[in-house]
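Undergrad: What follows is the residue order along each chain.
There are 2 protein chains.
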Amino acid sequence: MILVSPQLGENVGTAARAMLNFGLTDLRLVRPRDGWPNAYAVKASSGAMEQLGRVRLFDRTEDAIADLERVYATTARHRDIIKPTVTPQTAMAQARGLEQEGARVGILFGGERSGLNNDDVTLAHAILTVPVNPAFASINLAQAVLLMGYEYFRQTTNAEPHVAAVLEKDLAPAGELVGFFEQLEAELDTHNFLYPPEKRPAMVRNIRNLFQRAELTLQEVRTLRGIVTALVRPPRERVPYKQRASRGGKSGVAPGDAESDT
Amino acid sequence: MILVSPQLGENVGTAARAMLNFGLTDLRLVRPRDGWPNAYAVKASSGAMEQLGRVRLFDRTEDAIADLERVYATTARHRDIIKPTVTPQTAMAQARGLEQEGARVGILFGGERSGLNNDDVTLAHAILTVPVNPAFASINLAQAVLLMGYEYFRQTTNAEPHVAAVLEKDLAPAGELVGFFEQLEAELDTHNFLYPPEKRPAMVRNIRNLFQRAELTLQEVRTLRGIVTALVRPPRERVPYKQRASRGGKSGVAPGDAESDT
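Going down the list, the protein sequences come from chains A and B.
To convert, note that position 123 of the first sequence is 187 in this note's numbering; the numbers rise steadily by one, no gaps.
To convert, note that position 194 of the second sequence is 258 in this note's numbering; the numbers rise steadily by one, no gaps.
It should be emphasised that the hints constitute simulated quantities derived from the structure, not laboratory data.
Keep in mind it's a predicted model, so treat the numbers as computed, not measured.
It is possible that part of the hints are untrue.
The list treats identical chains as one, so a pair stands whether inside a single copy or across any two.
[As the list claims (entries may be wrong)] Straight-line alpha carbon distances no greater than 25 Å define the calculated SDA-like cross-link-like pairs of lysine to any residue that follow:
1. 147 with 282
2. 263 with 236
3. 147 with 183
4. 263 with 283
Build the full structure now, drawing on both the sequences and the hints.
TA: Here is the structure:
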């Protein structure tokens, strides 16, 4: 469970308590507004904080999810982001299946006031929305965490084997994907594609979302990195092999370069 | 939902809020300790109390459940009472079936401190227990109500509400996608990425599959074409705009190029 920019310490505490109710112990915080450690959190957790073990603190959502193969973003409002939207039931069935394959799964929760921003949602593979009464839809942070924990525990303890669609794949950890995004965006900046500046954030989000949706494997992310590296090199006709090799790009030099250029 | 001897008004309010989140409106109170109506309850309900309509007040649990055909008693502790014990999932499936037959179903919740007494549990047809981490089992009143509401709503709405995010999309015609593939592969040949030749067909398939999986929109295919065109251009510092434009790539020149280079 990853809480992004939570505000009140006591809400972090009640979220921790809700996690532990269902046996979940990996809590990560991104930029908690009221600092960390937080005495209000400890108090509100009714002892959960002590049992939870180490809470990890991050400056960036990207770093908080770096080791996770699947990430869900909880959001209530409709977003203009093209990404699969699933219920807690579906998400936790997928999570359980993925974990049986050895993958790690995380859920992003936004802060109390405004939830996750679009950049954080973009980092996720899917949007997770609790089906609620549309006329009275607001649930608080601890309640959202509680419902995810409940679904997870319910499905785990009910022992109905579930097979998700994507299981055989060796999904890329989010950190690898972010590495690819940052490489691509740096090259696109150099090549003046992400222009004008005021449109850059939306363009970046659109591009990230498009790749997120593909549920890439680690190998595919490496292929994409190799593609970007290859495309920004001058074509082979112009640069002799030895000269090119000495420039030392760390990846993406195709093994055939020697034969074709010399 | 029948709250028996609830203590704090605000807990009644948050329970009401949790009910309304899942469209439940029939709240009954048996001997609320802090009286009724209760300003703390109204405040804590975030507007739910007004929308809920009339809350009925009773002196005895027997009277509160008099019109119900099926009653569940929520309890966490083990009881020496011989009665079927069900999960929320099972209970709400039963409730749904019963309601379709015209029956009315209620759930008893005990007060914050000690829960339902054995007499109240005895009045119920079955015991309802939330499966939780036995090492950290306590959940509060509003959370218990929330979980029942969630289960009820989940099963009633048969919800997989909107995979629609993906369906509403303006999917790219296959021809557009192939156009992108051919552009990309031509550039990758030029940059010697698809090498050696005997591996080329498999590499091309893998790359095409990766993009196919994303279910790209027409706009996204155009963005990808633009990205490839941008990446293979020399970086902006080296080539003045007029010279670059005269080379005449047929697509994918980002709209901002003119402003930025001239």
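Undergrad: Determine for every hint whether it applies to the structure shown.
TA: Taking the hints in turn, this is what the structure says about them:
Taking CA atoms no more than 25 Å apart as the test, residue 147 paired with residue 282 passes in both settings, with 20 Å inside one copy and 16 Å between copies. Taking the shortest Cα distances, residue 263 and residue 236 sit within 25 Å of each other only across copies (23 Å), while inside one copy they are farther apart (28 Å). In the homo-oligomer, the alpha carbons of residue 147 and residue 183 lie at most 25 Å apart inside one protomer (13 Å), although the nearest pairing across protomers, at 51 Å, exceeds that limit. With identical chains, the CA atoms of residue 263 and residue 283 are at most 25 Å apart between copies only, with a shortest distance of 15 Å across copies and 31 Å within one.
Hint check: no violations occur; every hint is consistent with the structure.
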